[in-house]
Amino acid sequence: MTEQDQKKIADVLKQTLRPVNRQPGRDLWPAMLRRLEQRPASKPWLAVLFSPASLASVPWFDWALLAALIIGLCIYPKSIPVWLYHF
Amino acid sequence: MNTHPYLRAYMAGSAVPTMMLVVVLSGFLIARYTFQIPIPIERAIVFPMALVPNIFGLWNMFYLWLRPRRHLPIGFHGALLPFILAPVGFGLATVLGFLAATSGGLVWFHQLIVPYAFLALGFSFALIAYYLVWKYIVGFFNGVLGIA
Numbered sequence: 001m002t003e004q005d006q007k008k009i010a011d012v013l014k015q016t017l018r019p020v021n022r023q024p025g026r027d028l029w030p031a032m033l034r035r036l037e038q039r040p041a042s043k044p045w046l047a048v049l050f051s052p053a054s055l056a057s058v059p060w061f062d063w064a065l066l067a068a069l070i071i072g073l074c075i076y077p078k079s080i081p082v083w084l085y086h087f
Numbered sequence: 001m002n003t004h005p006y007l008r009a010y011m012a013g014s015a016v017p018t019m020m021l022v023v024v025l026s027g028f029l030i031a032r033y034t035f036q037i038p039i040p041i042e043r044a045i046v047f048p049m050a051l052v053p054n055i056f057g058l059w060n061m062f063y064l065w066l067r068p069r070r071h072l073p074i075g076f077h078g079a080l081l082p083f084i085l086a087p088v089g090f091g092l093a094t095v096l097g098f099l100a101a102t103s104g105g106l107v108w109f110h111q112l113i114v115p116y117a118f119l120a121l122g123f124s125f126a127l128i129a130y131y132l133v134w135k136y137i138v139g140f141f142n143g144v145l146g147i148a
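Line by line, the protein sequences give chains A and B.
Under my numbering, the first sequence has 59 at position 59, and the numbering climbs by one with no breaks.
Under my numbering, the second sequence has 37 at position 37, and the numbering climbs by one with no breaks.
Honestly, I wouldn't trust all of these hints.
[Said to hold, decoys possible] Beyond 10 Å from chain B on every Cβ pair, some chain A residues (computed):
1. K14
2. G72
3. P81
[What the hints assert, rightly or not] SDA-like mimics (lysine to any residue), calculated; alpha carbons at most 25 Å apart, straight line:
4. K78(A) <-> L145(B)
5. K78(A) <-> G146(B)
6. K135(B) <-> L46(A)
7. K78(A) <-> M11(B)
8. K43(A) <-> L28(A)
9. K43(A) <-> D27(A)
10. K7(A) <-> L17(A)
11. K78(A) <-> L64(B)
12. K78(A) <-> P73(B)
13. K7(A) <-> G25(A)
No wet-lab data here; the hints were simulated from the structure.
Values in this document were obtained by computation on a predicted structure and should not be read as measured data.
Just so you know, even glycine gets a beta-carbon here, dropped at the ideal spot from N, CA and C.
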């Protein structure tokens, strides 16, 4: 390929390819801000653990077990130190 | 986050009793100084402070190891732990001198008498407590640390 051919190819390529637009067609920052605002805020883990959604997913049987546990402690509060020792 | 899953399992398991330690120590202090129950705190705290968190962590590591082999729901896995912890706790309390077996029942801290008839009931309550704690709290931490 001669130097003249190379120049011809370069000219054809320049004519074919459109010049790259270095500036975006619109302002992207407001869209970026909207995206950031849509992201859910990270909640404290305790709030997630005791959130209404997670409490609602607890089956009735587990609520009954928890109630039995609390009633047992109320009936026999002297056992609380023993419980504390075993936890 | 796929690295060191057993380390994460250990941390998730030991987090619960470590956080409970404040409650345990406060309870012991209130029992001793408010209700005058002669709890030897320096000896009684050994089990909940040194052993229970480590055993929780190891038990959660065991849960992670067991999962692909013989899967047991985490609540039931946790409910098996009192079968290990209760004998260890009773043994240590006896050796450290604040639990004695008498004809009337077990005497805790030289004052609290637990009749033998209540032992089975108390143990079943322990199973319930461990089932709930493991299912909801340790399970939650496992989810947070990406090993659920």
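So, going through the hints one by one against the coordinates:
no. : hint               : verdict
1   : K14                : holds (49 Å)
2   : G72                : violated (5 Å)
3   : P81                : violated (5 Å)
4   : K78(A) <-> L145(B) : violated (37 Å)
5   : K78(A) <-> G146(B) : violated (39 Å)
6   : K135(B) <-> L46(A) : holds (16 Å)
7   : K78(A) <-> M11(B)  : violated (32 Å)
8   : K43(A) <-> L28(A)  : violated (28 Å)
9   : K43(A) <-> D27(A)  : violated (31 Å)
10  : K7(A) <-> L17(A)   : holds (15 Å)
11  : K78(A) <-> L64(B)  : violated (36 Å)
12  : K78(A) <-> P73(B)  : violated (32 Å)
13  : K7(A) <-> G25(A)   : violated (32 Å)
Hint compliance for this structure: hints 2, 3, 4, 5, 7, 8, 9, 11, 12 and 13 are not met, and every other hint is.
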